[in-house]
Amino acid sequence: MSSAETTRTPFDFAVPVKAVFLAVVAIFVLVPLLATLLGGFKSLGELRVNPFGWPAHWEWQNYADILFSGRYWQLLRNSLIISTLTVILTLITASMAAFTFAHVRFYGSSMLLSYLTLGLLFPAATAVLPLFIKVRDLGLLDTYFGVALPQVAFSLAMSVLLLRRFFKDIPHELLEAALVDGCSYIKFFRYVTLPLSRPILATVGTITFVNSWNAYLLPLVMLNTDALYPWPLGIMIYQGEYSSEWHLILAFITLTILPTIILFLLAQKHIVAGLTAGAVKG
Amino acid sequence: MARRIAIVSAMDVAGESVPQVAVRGPSWDGRFTVLILFLPPALLLFTLFVVLPIGEAAWYSGFNWNGFGKPTNWIGFDNYRFVLGTRAFWLALRNNGLIIAVSLAIQLPLALALALTLAERFRGAVALRMLFFMPYILAEIATGLIFSFVYDGDYGLVASIWRSFGAEPPHLLASTDTAMLAVLIVIVWKYFGFHMMLFIAALQSLDKTLVEAARIDGATRSQALRHVVIPLLYPTIRLSVFFAIIGSLQLFDLVMPLTRGGPADSSNTMVSFLYNNGISRMRVGYGSAIGVILFVICVTFAFTYKRWFMRDE
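Heads up: the protein sequence lines correspond to chains A and B, in order. FYI, the numbering for the first sequence is -5 to 276, going by our numbering. FYI, the numbering for the second sequence is 1033 to 1345, going by our numbering.
Here chain B stands alone, though its shape is the one from the complex (with noise of 0.2 Å):
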């Protein structure tokens, strides 16, 4: 009884606060009452299983815990010394290193190329937009067992190449020196298309007159793009890279048929570094040290690459 005048009266105060805006347009009661159903679901949601398990990653990183009863083993930061001091860690991180390179060196002029080129209207462009674009949404998992089969010694498509040759067909998954970049061919063959249609989504919005001006001023095709239409893009690059680093610090799925790390970690990325030491073991501890390290290196990218590089969208 008490409880309920009491809610009454709280209401009656907040109605007596913002009278004009009732009287003007949406009142606050019917505000209030959206504000009190409409948000709480996505709040609550975001907050339980995205804020609080980070937060909780940086509390359980001070522990030797294998995730049963309460944690009471704390070691400080040991955890982050036995992650840094991992030659395992710098080789996933490497590879990190690697694939962002890749996807700057090769990937994203090549998205760009078949972007100018199909950005234009000839019969099959649309057709084959499409047909680039189709790897970026086949699932992780099932490129990588497709590659899997490419890659095979005995029975894949490069061993039949090779054979044809009369040569002895490598195992190039199962070699330190040739598995990784075994895994950038593949990511540059399930990627290049999302930042091709980027590219193209660009293009297409594009101020066509400018060129076109620069063209009746003389510009040759090849100034025309290099002066004109590149500069215009210069945004959309900037975007392709952040997409490109921003994926490279996710990329698990696709690891894991190929070569699930090995041979010798030698084509481990961060998380599934993480997951073959933190999380395949139960090591809660040591697996939320990699985690808290990941998030840190992931929102440092973010907001210096925004300050520095997109400050003006």
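Extracted from the complex, chain A is given alone in its bound form (with noise of 0.2 Å):
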């Protein structure tokens, strides 16, 4: 990989300096990972004396308890159940409202706009205790709703930005016809809108789902139950329990980001361009 490719674009480096400086950053940021996912394979006492190399012994076991413990199949439904709720409520919600912020004028429409994107402003935390407070009177602490309601809250703003402006365009044309023809704006959007729009669906969902599937300052706040609990929530108290036995947790780390790595590599190019979409302008 080295001559044609190289010389043809104006500005690189000498090779052999970028070859370096790229395998320095590729083992910074790999040696960790492959650390956790082979720790796991090694007894407590093998971790001790040899954290970096490859296992002299493989303990398929550490892997297999988690794999067959109720366990971390019931963190993992709960992770799932939270968020897909907040996916489907979160694409409903902000697809209607982005569908009228982008083909409805009425008077006030650019003030609600910025009113919903106030929300890029501040993180969720700093009004976490009246958040609490609120989910608490309204009987929903302790539920998935509790979780999944204030989670769709904070992920309108950049949803309802992104699906605007994607709706934006769909020719205006496209929609006056409709409504000549007798079609209501309502079934427009259910029969056009949507349809033309999977991709951007595709990616709001992907990164919603992947900031709801990693959160835990609202699940940790929201919910008392462990049976209850989603992944972060959980890992945290096994790590807990098994304080030091490190070859148990590194494999229940391992089994619990996997998910999230199967989804990258498959949706890579959703979860790319969503989590850079603010990159491009609102």
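Residues of chain A clear of chain B, computed beta-carbon distances all greater than 12 Å:
| no. | residue |
| --- | --- |
| 1 | D59 |
| 2 | L61 |
| 3 | S63 |
| 4 | I75 |
| 5 | K162 |
| 6 | D163 |
| 7 | A196 |
| 8 | G199 |
| 9 | T219 |
| 10 | A221 |
For lysine-lysine, the following DSS-like pairs were computed, each having C-alpha atoms within a straight-line distance of at most 27 Å:
| no. | chain 1 | residue 1 | chain 2 | residue 2 |
| --- | --- | --- | --- | --- |
| 11 | B | K1240 | A | K12 |
| 12 | A | K162 | A | K181 |
| 13 | A | K162 | B | K1338 |
| 14 | A | K128 | B | K1102 |
| 15 | A | K263 | A | K162 |
| 16 | A | K263 | A | K12 |
| 17 | A | K263 | B | K1240 |
A few chain B positions that, by computed beta-carbon distances, are all more than 10 Å from chain A:
| no. | residue |
| --- | --- |
| 18 | W1106 |
| 19 | D1110 |
| 20 | F1114 |
| 21 | R1119 |
| 22 | L1123 |
| 23 | G1129 |
| 24 | A1137 |
| 25 | L1140 |
| 26 | P1141 |
| 27 | A1206 |
| 28 | L1213 |
| 29 | D1249 |
By construction, these hints were calculated from the structure, which means they are not laboratory data. Model, not experiment: these values are computed from the prediction. Glycine included, every Cβ here is placed at the ideal spot set by N, Cα and C.
Now that you have both chains on their own, put them together as the hints suggest.
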């Protein structure tokens, strides 16, 4: 991988310097991940003397014990329920609002849009105590919805902006023609806008899913019952229980980040597009 | 009965007030239905769970309240005085400043250099991009746990390196001198790939003829880079800085598995300080005051930054 490809573009430093640079960064990124994966296959004793290398003896038991325990699957199930609820509710509410902002002209439209985008300016943590009290007063404490609804609310700003930008690119003449032919706004939304917008819906859905899947603070504050915990809470408790049995903790970490990595490999296009989407102006 | 009549007449009025629109295209009736069906769910959720809690935080911050019953013990601005009088608060603020400094001094140049290297086409470039982006999508909790293993003084990778030199391994996360440094390294590990992707996206949409023109006019590669490419990337650099600062002000999940903000508050961020002192002890008034301060910092920063640096976008 050297000569022909690298000479074409005008700015590159010497090839070997570049290769060393990339290799160093790749090692920096990979070593902690590989050590975690392999550490799960070692015994605690081996981990202590050989944290870097290949396991001398593969301990499949560490992984098997976790995979055959109800605990791991319950954590994943809870995370999946909360994330799915969040994604579905976000897509429905955000796409309806974005459609209105994109295609319906009304007094106060731009004001309401700026109101929604206020949500981009500060982290959810700033008001998490009043949020806790609100969720408690609504009787949603210790329920999946108590986590999902605030997550939807916080993902609305970005989602509406992304969707609106895409919806606006659907030619307005199309809408006008449809309306003249007696199609309602709602039918147009359902049968034209949504089917045409699958790529952006997938992108918004994927970012919302990843954010919700990885979230820690909101579930930590809103949930009290172990049986409802999503995996980030569960793994912190697991680590607390097995405090220095690192071989088990590493196996558990590997198994919990595996779904994320698989999703990333399957949907990398949407994930990269979505997570860097703020870059292109909203 | 009376009510239904009232509604009908209200709609009649609405219908009469915009007759031209009804003739020319989208009817007011149709628009009205969309407005009352499509906007409220989002606006309601947003108002209920995002905007109201911020307002309530301002209100609660005037009370000494544990969250049960009604807040009655009004203490004015005492909570703010307590927060600003705590050493831990200033430590947390300093740590947020450190995170921003490291993001600007190390993470940003690293991301830019990688982007310039990987924006070119060669075998493996795309795979490397994906590899470098991967830490960004891992949960912060998982990342924190992985690195608490890396730093572990008995079993960790760092300890093993130390031992191979015959030295006594340090417990990096347990010392007030090194805990924050250790957290900063994890932050770079996790986030440089995101900024790299921002730069790659910008480089790919960049007008290459400008660079070619500069080269034809006799500019060397580094001159073209310094005087053409980097200036063209300024908007993205400003954006990357914006994300780095906002991200620093939100940082929490990563700190919890590593240090919980300790030892002795030496590695708290604003949010972990808020968690440790307000949320985990249910001191609603005190925690709300911290939240309001954080909110003011975020909003002030966002507006000034937009005004000063991103006016043209």
